[in-house]
Amino acid sequence: MKYQWDILCEEGLQFFGKMSASMSHEIKNVLAVINENAGLLQDFVYMHEKGMPIDPEQLKGVAQMIIKQVRRADSIMKNMNKFAHSTDQLTKAENLNDILDIVTKLAARFASMREVSLEKIPTDEPINIKTNPFLLENLIWLCLDFAMDSVRHDKTVRVLAQKIDNRAQITFSQLDSMPEPTEAFPDRHIEALLCALQAEIKVDSQAGTINISLPV
Amino acid sequence: MTNAQSTPSQIKILAVDDEVDFLNTLSRRLESRDFEVTTASNGEQAIKEAKIGGFDVAILDLKMPGMNGQELLKILKENHKFLEVIMLTGYASVDSAVECTKLGAFGYLEKPYDLEKLLGVLRDAYETRLKKKFPHDQKRMKELDILASGDPMAALSAMMRLDDLEK
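For the record, the sequence lines run as chains A and B. Per our numbering, the very first residue in the first sequence carries number 27; after that it's consecutive. Per our numbering, the very first residue in the second sequence carries number 22; after that it's consecutive.
Hints are not guaranteed to be accurate.
Calculated cross-link-like contacts (lysine-lysine; reagent style DSS-like; alpha-carbon spacing at most 27 Å) [what the hints assert, rightly or not]:
| id | chain 1 | residue 1 | chain 2 | residue 2 |
| --- | --- | --- | --- | --- |
| 1 | B | Lys84 | A | Lys44 |
| 2 | B | Lys69 | A | Lys181 |
| 3 | A | Lys94 | B | Lys69 |
| 4 | A | Lys118 | A | Lys131 |
Partner residues aside, some chain A positions facing chain B, computed with beta carbon under 10 Å [unchecked claim]:
| id | residue |
| --- | --- |
| 5 | Ala47 |
| 6 | Ser50 |
| 7 | His51 |
| 8 | Ile53 |
| 9 | Ala58 |
| 10 | Asn61 |
| 11 | Leu66 |
| 12 | Gln68 |
| 13 | Asp69 |
| 14 | Met73 |
| 15 | His74 |
| 16 | Glu75 |
| 17 | Val88 |
| 18 | Lys94 |
| 19 | Pro148 |
| 20 | Thr149 |
Calculated from the structure, these hints are not laboratory results. Note that the structure is predicted; figures quoted are calculated from it, not measured. Just so you know, even glycine gets a beta-carbon here, dropped at the ideal spot from N, CA and C.
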């Protein structure tokens, strides 16, 4: 078990660090846009002092841009906060869709960098499970990371949560470019997470799917 | 995406960033300072624009989807001998700056930045471009050394007139 915890700690720290770095990079981009628009307002003032009239429509445009970026940053910080709080409890009753939701949002920037899309299929009913939220998020991320490299350029990874035979199931599909054989996946990090979560994984390179099955 | 019609004697900038809101605002600010700015939101588009554009300086974002800034930097420097390139990044690191410099980047700025700082780097990059274009013209080099100091906008404007003499 000690060996597994070493892997879980190492993987968990890397996962947390990677997500934190990504979100901080996104916030930096937001600050860059706000900074540029603040500079534009300074330019308008300077031109006005030189005798040029100020166009209210231009001011309106800048204000709207700043508001848009503030909303974007707020959304990023909400995700960051939710993610940080997923470490609060080792076992918690959660709606699996909410966990999937946060991970797909965290993964969105990585998907964009790889020029692929993520599509989380909504379900009507909640899928309630008792789990370690952070470890499950880590497992979902590792599967998503592999899935994003298993689709062709400009394609979409589909993610769906379901309840089947009294177990919760997460399916990643449309993986039409999965390497074969999939010896590198699942790796020892995923195996350690599966063990800790009492979960099972099934990789079908023919069908282009990865299925994770979890106890409820 | 190509902007306003080219007028004589404008320094031509190619600005590349996947953050379109940032790119458009930067473009407006530079155009109000009399630069001619062409924007591209990805590497492939930037390469196409560079082939037709005849740009003096390129400003590239480091992290972009698909072709990243470093890959684009390498291609632009290989194909456009006198183009100087300034890299922009959300997180500056020594390793990244060294790597970009090895690939031929003139400057490396962290976002968000002060525009005066960017204008200073633009001035220095344009001076370097002219020195590479006219390496045997001692008289012009001496003039450049005098012109390329002080206020970035005044220096750029003066250096551009020097460049125009050759056209």
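Here's how the hints hold up against the structure:
Among the hinted pairs, Lys84 of chain B with Lys44 of chain A is consistent with the structure: their alpha-carbon atoms are about 15 Å apart, no more than 27 Å. Between Lys69 of chain B and Lys181 of chain A, the direct Cα distance comes to roughly 24 Å. Compliance with the 27 Å bound is thereby established for this hinted pair. For the suggested pair Lys94 of chain A and Lys69 of chain B, the alpha carbons sit about 31 Å apart, so the restraint of at most 27 Å is broken. Restraint check for Lys118 of chain A and Lys131 of chain A: satisfied, since their Cα atoms lie roughly 21 Å apart, inside the 27 Å limit.
Hint status for Ala47 of chain A relative to chain B: holds, with the closest Cβ pair at about 8 Å, below 10 Å. Among the interface hints, the one on Ser50 of chain A holds; its C-beta lies about 8 Å from the nearest C-beta in chain B, closer than the 10 Å criterion. About 5 Å separates the beta-carbon of His51 of chain A from the nearest beta-carbon of chain B, less than 10 Å, and the hint is met. Interface restraint check: Ile53 of chain A against chain B, minimum CB-CB distance 9 Å, threshold 10 Å, status holds.
The beta carbon of Ala58 of chain A is positioned within 10 Å of a beta carbon in chain B (closest approach about 4 Å), and the interface hint is therefore held. For Asn61 of chain A, the interface hint holds, the least distance from its beta-carbon to any beta-carbon of chain B being 3 Å, beneath 10 Å. At a threshold of 10 Å, the smallest CB-CB gap from Leu66 of chain A to chain B is about 6 Å, leaving the interface hint in force. With its C-beta approaching chain B no nearer than about 9 Å, Gln68 of chain A sits inside the 10 Å limit, and its interface hint holds.
This hint holds: Asp69 of chain A has a C-beta 6 Å from the nearest C-beta of chain B, less than the 10 Å allowed. For Met73 of chain A, the shortest C-beta to C-beta distance to chain B is roughly 8 Å, which falls under 10 Å, so the interface hint holds. Annotation: His74 of chain A was flagged as interfacial toward chain B, and the flag is violated, the nearest CB pair being 13 Å apart, outside 10 Å. The beta carbon of Glu75 of chain A is not positioned within 10 Å of any beta carbon in chain B (closest approach about 14 Å), and the interface hint is therefore violated.
The criterion of a C-beta within 10 Å of any C-beta in chain B is met by Val88 of chain A, whose closest approach is roughly 8 Å, and the hint holds. Checking Lys94 of chain A against chain B: minimum C-beta separation of about 7 Å stays under 10 Å; hint holds. With a least beta-carbon distance of about 26 Å to chain B, the hint placing Pro148 of chain A at the interface is violated under the 10 Å criterion. Hint status for Thr149 of chain A: violated, given a least beta-carbon distance of 29 Å to chain B, over 10 Å.
In this structure, the hints that do not hold are numbers 3, 15, 16, 19 and 20, in rising order.
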